[in-house]
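Each protein sequence line maps, in turn, to chains A and B.
Going from the first sequence to this note's numbering is simple: count from 1 and add 43.
Going from the second sequence to this note's numbering is simple: count from 1 and add 454.
Check before you lean on any hint, since a few could be wrong.
[As the list claims (entries may be wrong)] Here are the computed lysine-lysine pairs in the BS3-like style, where the Cα-Cα straight-line distance is at most 30 angstroms: (1) A:Lys387 / A:Lys146; (2) A:Lys146 / A:Lys202; (3) B:Lys562 / A:Lys596; (4) B:Lys562 / B:Lys530; (5) A:Lys543 / B:Lys562; (6) A:Lys260 / B:Lys758; (7) A:Lys596 / B:Lys758; (8) A:Lys596 / A:Lys543; (9) B:Lys758 / A:Lys490; (10) A:Lys260 / A:Lys146; (11) A:Lys490 / A:Lys202; (12) B:Lys530 / B:Lys758; (13) B:Lys562 / B:Lys758.
Hints were generated in silico from the structure; no laboratory data involved.
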Amino acid sequence: MTAIAEMTAIAQEAVVHRTGAGSASGLPDADPITTEVIRHGLDAAADQMRIVLRRTAFSPVIYEMTDFAAALYDTEIRLLAQAQALPLFLGTLSFCIESALEKVGGPEALAPGDIIFSTDGYDIGSHPQDATIVVPGFFEGELVGYAAVKAHHMDIGAKEIYCTNTVDVFQEGVIFPSVKIYRAGERQEDLYRTLLANSRMPEALDGDLNAQIAAAKTGLNAFYRIIERYGLETLRASVERMLDHGEEYIRGVFSEIPDGRYVGHGAMDNNGVDDELVPFELAVEVDGSDVIVDFSASPPPQRGPINCPVPTVVSASRIAIMAFAAGNQSANEGHFRPIQVRTKPNTMFHPISPTPIFMYGWPALQAVDVIHRALSDAMPDLIPAGNGGDLCSALWWGTDEAGNFWGDAADHYVGVGANPSSDGGPPLMHISCSGIRNTPIEVIEAKRPFLVERFEYAQDTGGVGTYRGGLGVDVYYRALAECYLTLPWERMRTPPWGLKGGGEARPNRFRLRQPDGTARESFKATGVYCPERSVLEFETAGGGGFGPPSGRKPEAVHVDIVEGYVSEEAARASYPHAFGDG
Amino acid sequence: MATRVGVDVGGTFTDLVFYDDETGEVRVGKGSTTPASPDEGVRDVLAEAVGADSLAAASYFLHGTTVGINSLLERKGAVVGLLTTRGFRDVLETRRGDRERMYDLLWKPDPPLVPRRLRLPVTERVRADGSIETPFHAADVAAAVEVFEAEGVESVAVVFINAYADPEHELLAVEALRSSGFDGEISLSHQVSGEYREYERSSTTVVDAYVRPRVSSYLRRLEDTLQGQGFDGEFLITRSGGGAMTFAEAEARPFETIMSGPVAGAVGGGELCRELGIEQAITADVGGTSFDTCLIVDGRPQVKYEGNVVGMPIQSPWVDVRSIGAGGGSVAYIDAGLLRVGPRSAGADPGPVCYGRGGTEPAVTDAAASLGMLAFGELAGGVALDIDASRAALHELGRELALDVDGVSRGVITIANAAMANAIRSITVEQGQDPRTASLIAFGGAGPLFGTLLARELEITSVVVPNYAGNFSAWGLLGQDVTRSAALTAIRRLDEAGLEGTNAVLRDLFASLERRGTSSPDGSSPDDSDVQEAALDLRYVGQEYTLTIGPPSENGAITAAPAAIAELFTESYDRTFGHTLSEPIEIAAVRATKRIPLARKTGQRTVGVLGSAGEERELEAYSFTRGEPLTFAVLKRGSLAAGAQLQGPVIVLEETATTYVDAGFDLEVNADGTLILSDAEAA
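Work the whole structure out from these sequences, hints included.
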């Protein structure tokens, strides 16, 4: 797809979404009861996909970190239901299905039992490791929809298992451009062997891909049951009504936001290759109940892999808005109809192949936070101060005593910004990855050559304010054997921001302490050599404060000292009024 | 000798079943739960339904209660102090970083049960292999005790990193606590759970310390009350993982009672499956506020090894009962033109509109009453449902949707039914089971109302409505064995050497179970009837998730060869996940369970207690299978003799439940009085 065609496709999506509602389908109006029953059924089908994928996956990155997306779509490629997994992937699979269909020759070229497999970053909207399968669903010979599952694979043949410094997509993994890995139920063995031969961890890849397929089949079977029970026509009518309902709900929230253009600024620490800050700007335009997230002022495409392909730009915009607008509703295409996204081809938020995109998720995370920052004036009760802005992953590998290669990942939570009515709570994973959990240190120590020296709150790391930002944590790993570390971290240079007079928090930090005690800080890096007895010192960011510190209740200041969240020295400096010196 | 009484304290009702083993007589009772001190509700229902003479003749009092969980829900527990490994003070508070509501930007967890100022570090460190990295410093404990005393700490939890691999430092902490003068309760993480994952073990240990005083004083009060009423038998309480424990043991391990409420019904379901020879079943327990469901395979409810209560993980065996907010009291409402049902419940007070206690929002029970599914709306004790009030409230609701009363009532039932069916699909999919081949066991006040509806939705062909369906959870208490279990994370390859090491671990685990109490609660059961069961958590090397397999064992030692165990694992993996892998297999954890059977019930029962015969009546009610109102025969359950065969549409009334048998289903009364409803039109 050319850039212009891609651009048009996005514009068309928005247009289609506005006009494709309700009775425009020509189908009779569905009754509200059947619609609710079918909505339950579709959500349950997506949930069963999640259950099967998690239970059958081989790699912790899928079953522990839920780094995947699983969803059902109708033949018009409208989201019917998506499992609760990685929020950043919200709605992203529609792009995967569209590109898969385009590559294989459209819906006419599909047969029952086909499975399309893609690792092409510009089709799936993410790095090749997020390999996606698209499975067409046929009911009594008729194409009725699609199940799609994207899941993070540990290795799909990139230059390292995780890279922060690629300069084109060819370094980022083997590209399978939406190929049929199954034809009419038959696995294409030549292709499959080629795939496994390009992975450093073929068993994991094999197991995880099987899990993806099992999940997709489970979802389709549940979908067929609904069709069997209610008939295609009723299903379609109910889907129209269900999507209209989703749209109506979101429009209700948006119409509360005052009209206007809200501009937000953020920055990437560097592009992974050149060591310079990369500032960016975006805007949110609100007009009645329509919202446009405008990325057209983005910086030029970057030499390093922090470029974000359009599908993920769109899903980041969706999750940013769902995070304050939809509570805990399960999302469908209707929820997205009022949201449009504007991008400019050949920019950081609309790169063109072969621009590197391995770190595509990081600009997306930053964009989510900056969208919120931009809206903080318009929605003063709903938007918290800045957070740690990352999931602080450690991707490490080495060889064990028997000489076998091992590779693993561990994420670390970050401080939470104070919100407009209370302090930031305990650290959490970023909202765009909110299903992810940290790996217990007892599990890491039982499995890998590390001894954890501390895993604890870091005092004084939350931003000051009427409401204090949440604290970050310090996690120190001593390497018991040499290993290598890739550190794809952001928000190490620009600290989490305060709002309405609240203070900034500690940014994310990493230091490698050598066995001789000398230490060196580092920004994002690939393949850092960590000798035996070195200490990997991870310090995650705090959250920003909300409101001026002079407004903080003295009792709250003293509680913080008693609990040890804030030192007395820092409290006296920031909140003199609480000590009668104000 | 084995006459027994079971009392299950639920959120709304306190249910009782009394079983006289000599005469086979069964008595049931139902009273209101008295949340402030539940023992009073127990006392009252005992006085009313059993009486002093019969109570004095009973050997066992078996109990299920929500006291532990309520203590957590209401945050009314002990002041707890926590000793941690230095450098890991905040594990309890910083959790795992996940959000309960994924898309909610402002969500934050509840404050931890122990504030930071009472979480104090001790210099010490054990490595994952059990070796000592840093020796234990007793002086830190002495310093902590000073803080604890100043703050009025009643209960101390000790959680050291890797204590599962070597408990020595936690044991040293006990000595140090005592020698520093602390004389309150102590919970040690390695005794609460032998499994790794520091946050989950911390949470479990702290919960144990937190609920301990309240559970203890409740159990003691209850003991005093019952002894005052003339009972001098054995006191037993249900564990979250199924099986019973003595009150004395429950006081020592109170965290094991947290989920004792909903478990009893699942356990009773398992017993019923064994009696009737049902291989695979799903329980459908519909009460006032929730729908609880559990998968039963080969007569055993599925057990998992970690649960979660109000956001706090509990690392212990846990009968896998899933709950959703869909019960008789679930409220129906309109959300932007769509009809929705629950999870909010009208509860018992005010309850559904038809209770006439001031409720104004129509609930599931109102919809059922309005459709005639509850027949004439006569409840126990001469209480009558106000069906007209239900219909008036539903009329209001229907107006907004342009539906008449019957239309909106059908909608409420259909939506509630769909939600329950989806919950059942989820638990079966997780276990790789097909619900269509299972029997549905319907009980609880409203379960038998939904039995045939759920069966049609799930293509299940057989519905079982047990005796005392409305009190079935209390019945389930009666058939339990006394069990004790322990587990340890001990990672080894599944080979000869690994199995040998594992058997050594098992020996230690069974020895530790032995130390937890005399093997028999009342000394009446000889030791040789005890059963020692071993299970292994297995996985392919590199995986984290495990499957629990029970290989053949004798006297607590595994007798199967590694290859045979591997085959059991591979079969189970294939069934659950639909494929297998070629990786080597490893043992991740070892589980030991000791089962001490109580003297058996003879099984004889008087069926006549199920309700008087009464005359046969009929009324018009809505048939979901036919899509139109039909004339339903209305019978009292007591009038149905064993072997009787009927055809739907029929409504069967008993004191605490109503069974709705839709057209297209046959009803047969089993020899033991159980109702079996079969889909006569199944393909």
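**Message:** Just to be careful, I want the Cα atoms of lysine 490 of chain A and lysine 202 of chain A compared with a cutoff of 30 angstroms; is the pair within it?
**Reply:** 25 angstroms, holds
**Prompt:** Are lysine 596 of chain A and lysine 758 of chain B close enough, with their CA atoms no more than 30 angstroms apart?
**Reply:** 46 angstroms, violated
**Prompt:** Quick one, are lysine 562 of chain B and lysine 758 of chain B close enough, alpha carbons at most 30 angstroms?
**Reply:** 27 angstroms, holds
**Request:** Sort out whether lysine 146 of chain A lies within 30 angstroms of lysine 260 of chain A, counting only the CA atoms.
**Result:** Given pair lysine 260 of chain A, lysine 146 of chain A holds - Cα atoms ~22 angstroms apart, limit 30 angstroms.
**Request:** Decide if the proposed pair is consistent with the structure: lysine 260 of chain A and lysine 758 of chain B, CA atoms, cutoff 30 angstroms inclusive.
**Result:** 26 angstroms, holds
**Request:** Sort out whether lysine 490 of chain A lies within 30 angstroms of lysine 758 of chain B, counting only the CA atoms.
**Result:** Distance ~23 angstroms between lysine 758 of chain B and lysine 490 of chain A Cα, so the pair holds.
**Prompt:** Are the Cα positions of lysine 596 of chain A and lysine 543 of chain A separated by 30 angstroms at most?
**Reply:** 16 angstroms, holds
**Message:** Hint check: lysine 530 of chain B vs lysine 758 of chain B, CA-CA at most 30 angstroms. Holds or violated?
**Reply:** 27 angstroms, holds
**Item:** Pairwise hint evaluation, lysine 146 of chain A against lysine 387 of chain A, where the allowed Cα distance is 30 angstroms at most
**Value:** Answer holds: lysine 387 of chain A to lysine 146 of chain A is near 24 angstroms, not above 30 angstroms.
**Request:** Starting from lysine 146 of chain A, check that the Cα of lysine 202 of chain A is at most 30 angstroms away, please.
**Result:** Measuring from Cα to Cα gives roughly 26 angstroms; hence the hint holds.
**Request:** For the pair supplied as a hint, lysine 543 of chain A and lysine 562 of chain B, confirm whether the alpha-carbon distance does not exceed 30 angstroms.
**Result:** Holds, because 21 angstroms separates the two Cα atoms, which is no more than 30 angstroms.
**Message:** Does lysine 530 of chain B sit within 30 angstroms of lysine 562 of chain B, going by the straight-line distance between their CA atoms?
**Reply:** 21 angstroms, holds
Hint violations for this structure: number 7 only, all remaining hints satisfied.
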